[in-house]
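Student: We have chain A; now place chain B onto it with these hints.
2 protein chains.
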Amino acid sequence: MRALVFNGKLRFEMSYPDPSMEEGEALIRVLCVGICNTDLEIVKGYMSYSGIVGHEFVGVVEDCHDQRWIGKRVVGEINCGCGSCRICQNGIEKHCPERTVLGIVRRNGVCADYITLPVENLHMIPDSIADEEAVFVEPLAAAFRVVEQVPIASSHKVIVLGDGKLGLLVVQVMQMMRCDLTLIGKHESKLRIAQQQGIAAAFAEQYKGGKADVVVDCTGSPDGFESALGLTRPEGILILKSTFAQKANLNMSPIVVDEMTLIGSRCGPFGPAIDGLARGVIRVKPLVTRIMPFEMGVEAFGIASQRETLKVLLRVSS
Amino acid sequence: MRALVFNGKLRFEMSYPDPSMEEGEALIRVLCVGICNTDLEIVKGYMSYSGIVGHEFVGVVEDCHDQRWIGKRVVGEINCGCGSCRICQNGIEKHCPERTVLGIVRRNGVCADYITLPVENLHMIPDSIADEEAVFVEPLAAAFRVVEQVPIASSHKVIVLGDGKLGLLVVQVMQMMRCDLTLIGKHESKLRIAQQQGIAAAFAEQYKGGKADVVVDCTGSPDGFESALGLTRPEGILILKSTFAQKANLNMSPIVVDEMTLIGSRCGPFGPAIDGLARGVIRVKPLVTRIMPFEMGVEAFGIASQRETLKVLLRVSS
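Protein chains in written order, with our numbering: chain A, 1 to 318; chain B, 1 to 318.
Okay, chain A solo, but in the shape it has when bound:
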């Protein structure tokens, strides 16, 4: 099969071995994939990963021991726990120390003609959601994770820092909470997308609105993290969505002096994400910069890493 493989270098391969379906898994033909910032970090060396890249996808189940799944259009949760440890027994497979993670930790990713995933990772996609929207379910679930960790009230002043793909999803989830909300970013075109959805948005250097009760750092950079600290009020909450490959030179003392709470936030619940897209409450089509044919995967990664780009999708099959 065709696959986009990272092995120190990113290459499009025409005859990668087909995956073999294990017990409890489904074989899925990939329709469309999205390129995420974590993918871009991975091809810079993050997690020392090698194998097929990518973890955001929508596909069709081609084979499965449970006949009900066959022919269904699905998206999939990316963490596969061992199933037997105490953490998996408690239902948080995403933190299993033995887990594999699609395209991130010891499990081939989704930039391929076929993938396999455990059936319990799959979620069906209603017909009202297009492929180009369905690929956003995984990152949108990560955005919903924020409000699962920190209940947001309408009285909260909230800043989402970073106008990239994830920031533009988080800010829409926050908008659903009817809080006092501002997106702070650096790109006029990206800030405008939020403004067109009725969200207050400001350039970082022009923002004068004061510190917030809750700040969500979606910048993906150490500098962004330090800015986020500066925007969080004493005893406020800073939610960290960014992972970056490099070590960062940080001054931690404001966290102690201002008694901030920092919360790391990763994968989230697929249900609200699918529902938000199906109901049209969350709008992701404005975030798609380019849809490219699968064969142009290497070029697509290059375009995805450019400053003005938001989401780049690869059309794998139809």
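By construction, these hints were calculated from the structure, which means they are not laboratory data.
Repeated chains share a single entry, so a pair holds when one copy, or any two copies, can fit it.
When the alpha-carbon atoms are kept at most 20 Å apart in a straight line, the in silico SDA-like pairs for lysine to any residue are as follows:
1) K211 to C88
2) K211 to I92
3) K44 to N251
4) K247 to E226
5) K211 to G91
6) K211 to N90
7) K44 to Q306
8) K247 to S221
9) K247 to D223
10) K247 to V257
11) K247 to P222
12) K247 to S227
13) K157 to C85
14) K285 to E308
15) K72 to E62
16) K157 to P97
17) K157 to G198
18) K285 to S128
19) K44 to V256
20) K72 to M124
21) K211 to E98
22) K211 to S84
23) K44 to G220
24) K157 to A204
25) K208 to C85
Tutor: Frame of chain A, contents of chain B only:
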């Protein structure tokens, strides 16, 4: 008056100007002071402070508009808010952006014959608490802050990392919560103090007890912070008690990947600290390495910064 003054260099001065008492303040004759790690950081440049050093003290009120305080033995909270901003109105003066802090931010500290403090910062000390114990009220309050921020249940596995002065106080507060508790440190003599109080203690390199639900970092070093991250379970809580002067080169991604919660923790409630000492539940005398005459203040700072030292006290008057 006599005073221990930092001005790029630490000096014992014989004729420093007496403080003048402002409205609402008390004039206090200092009996005894304790040297804290924050003081040691300050003479390395932390907070760019200059003035009289020190913030842990016990003294006697010599003058006050409210006669009830005169002659009373007192300790004092170290943060002085502006009293009028929204944060002060909400009762959290310690986070007032205009605050002064005893011996730390634009307010002369306690290593002096006399100090002044607002009356609302003062707490009376019962006769059953000796001067050498009373100086621990401020750092012990900081230890109690931890359980004010994170309710600890007996089912919690808790690690206190760092067997210094603060760690040995935090671990005693945690012991009151009857949780599954371990102190991890690097000094046999310090670990033994905890063990003699019935607390499990282990050398860092020998600890094999697994990750904890709650870790309290009392190491005061960037290396300690990274160890603390490694000891915190996924979705666990890491409480940061350490402030250090320098920037640290840190890998933040475990916080995100393991969805940890980091909580900065500073000053705490004086009531439980005074009560804990008065009831003898908290034992601080084993933490006193040396009691030195005030005139030897500069030498005392040198001794306080040595590896095997715990608390160094200065006897100012009697």
